[in-house]
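S.K.: Residues per chain, in single letters:
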Amino acid sequence: MKTLDIRNVVKRYPNGTLAVKGVNVAVEEGELVVFVGPSGCGKSTLLRMIAGLEDVTEGEIELAGRVVNDIEPAERNIAMVFQNYALYPHMTVRGNLSYGLRNRGLPKDEIARKVAEAARILQIEEYLDRKPRQLSGGQRQRVAMGRAIVRDPAIFLFDEPLSNLDAKLRNQMRLELKQLQRRLRTAAIYVTHDQVEAMTLADRIVVLNAGEVEQIGTPEEVYESPASTFVAGFIGAPPMNLLEVVVEGGVALVGGERVAVASRHAGPAILGIRPERVQIDPEGAHEMEVEAVEELGATRLVHARLGNQPFTITQDAREARPGDRFRVTIPPGEVSLFDRGTGRRI
Amino acid sequence: MYRDRLRDHLVLIVGVIVMMGPILVAITTSSYDRVYIHNHGMQIGWGGNFLETYRNVLFYKGGFSGEVTGALMAMNSAILGIGFAVGKIVVSMLAAYAIVYFRFPLGTFFFWVIFSTLLLPLEVRILPSYEVVQQMGLLNSYTGLILPLIASATGTFYFRQFFRSVPDELVEAARIDGAGPFRFFIDILVPLSKTMMAAIFIIMFVVGWNQYLWPILITTDEHYFTLVRGIKQVLQVYIGADIPEYNEALAMAILAMLPPGLVIVVFQRMFIKGLVETEK
Ligand SMILES: Nc1ncnc2c1ncn2[C@@H]1O[C@H](COP(=O)(O)OP(=O)(O)OP(=O)(O)O)[C@@H](O)[C@H]1O
Ligand SMILES: [Mg+2]
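Sequences listed follow chains C and X, in order. When we follow the numbering used here, the leftmost residue of the first sequence carries the number 1, and every step to the right adds one. When we follow the numbering used here, the leftmost residue of the second sequence carries the number 1, and every step to the right adds one.
Keep in mind the hints are simulated off the structure, nothing from the lab.
Quick list of simulated restraints, FRET-style, between CB atoms: (1) Arg104/C / Pro191/X: 19 to 29 Å; (2) Gly137/C / Ile23/X: 44 to 54 Å; (3) Gly22/C / Arg164/X: 29 to 39 Å; (4) Gly180/X / Met1/C: 27 to 37 Å; (5) Asn77/C / Arg164/X: 26 to 36 Å; (6) Arg164/X / Asn15/C: 12 to 22 Å; (7) Gln134/C / Gln268/X: 16 to 26 Å; (8) Phe102/X / Met1/C: 32 to 42 Å; (9) Pro238/C / Arg164/X: 36 to 46 Å; (10) Glu75/C / Ile186/X: 16 to 26 Å; (11) Lys108/C / Gly180/X: 20 to 30 Å.
Under the rule of at most 27 Å between Cα atoms (straight-line distance), these lysine-lysine pairs were calculated in the DSS-like manner: (12) Lys194/X / Lys273/X; (13) Lys131/C / Lys194/X; (14) Lys2/C / Lys21/C; (15) Lys131/C / Lys273/X.
Anything over 12 Å on all C-beta distances counts as not near chain C; from chain X, calculated: (16) Gly15; (17) Ser65; (18) Val124; (19) Met136; (20) Val206.
Cβ atoms here follow ideal geometry from the backbone N, Cα and C, with glycine treated the same way.
Isolated chain C (complex conformation) (with noise of 0.2 Å):
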């Protein structure tokens, strides 16, 4: 059964910006799905209209079977877990955590026991009489998590919920969060602009740009095929090699090189191919020479250029030096071809 479902949804902000151009989304129960796009892509927005604080311009938003557009915040049955944890601070964790419970009314022994079980899951029992501001930022978040877990939503709604952490920490979050939701097995979205955090975090990623959905798929699927370039140079680092290419029976001329594409497309054409996907080898159809190395610890990334066309390889020798000349060979298997006018793939 679907948890949420999101149809052909408009946001048209009063100063006249189209943020979201007709969105379609579902989240099935208990799935993680992930908005991943650039900076103003309308991702917050979308999620802000799911949590209702922004109107809903034309679409449905359906959350748990009924349609939500015209019903406030606290009655949706959302929890959403804020940028900035967005804790009350002059309430105690305990304060925090019970509010929303106390606002719906809630006996009080059932409050005491949902805090308790929240905190006991999250590992935040010794703060529960502390003030936010005397906690660290990896505990604030907790109890930013134990908030929303004590409303027991139909949703979970994240938006950049781990970016003010540092790189270590962040990672730590991000593992508990998915165990987390895992355990609890309620559905959740997960806003961020960072692929990597998308791909280790979701079931299914919705890829936005420029507020209209480019791809919807499991990680594997956005990364092994992604549905136009612009998922193809957002997916993945290093992006994606995209070269312009002319296509004619099985055969993609780049410059002077031939590669062999498993297409029966002809005509002009953009080819991608993973920079970890290329092969070297000395008995390769394709000469090239080292420009530059970027070492990235277990691997390194040479760049170099094929027909003329800037060109990356991923790597783990050590021998590779600027000027030195290599052979590749480009697995068909691998080869992705884009439509040159709309970017889609062929």
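With chain C's structure known, arrange chain X with the ligands on it following the hints.
M.R.: Frame of chain C, contents of chain X with the ligands only:
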């Protein structure tokens, strides 16, 4: 290092002497009797009349009606000061709340209308104000003393700036937590504004306590007289017939200064505490 400290302290000590000197002289002089003061002027030494003078000022029933004591006047001053300050805080917080959090037509316009009343202090509009209070039958009442003064453009302005600095996320979190406009104000905004409220209370209490012109106009019944007015009264009543009660007038001035001083000491601590632990 040590030199610097010494110099700083010297400057401070000189400042204290200049500021506190007249007050000290007023205290010492008030411990002499009126005849001595009349003959010898202000005193730095210690006369023997201290307790008697202050007891007289506080509890001797004087005035035309013979029923007004210093204690009663102090209470009137306190009512005026507290009513003035609390009223201003309540009214300006509500006004600022409406302006910042509710979209209503011409909201900004109304804010600037309120703001422009800064150009019309009480002294400018005193006759119409008196007329209104008189027609409402509020002469000689605490309501008449306080109510016409509690609208505050300054307070509204400060609270508006403060509310605007409260993060939107906090407002939204409260909305998701089911706090309606009233709950949000009471549960979130008021506690967050404590520091602001303390600061404005300090200023407004002192201003209210020291009101002079307005009480003179609105109250003719001695039972509503304030301390500040009492000082003048002490000198006036006996003048001509006798030597004025210099010692009592000075004592009353000292008494009139104590509560505002106390308010500043107490609330300043809260104020600074609030500033140090910036919440939000
Ligand atoms: N209140 C508003 N009024 C007018 N335009 C807005 C408003 N909020 C956002 N926008 C515009 O809508 C577009 C989408 O904004 P949104 O905040 O959803 O982006 P985002 O994808 O969350 O970006 P980021 O990653 O930077 O948070 C932007 O062009 C932004 O300028
Ligand atoms: Mg955003």
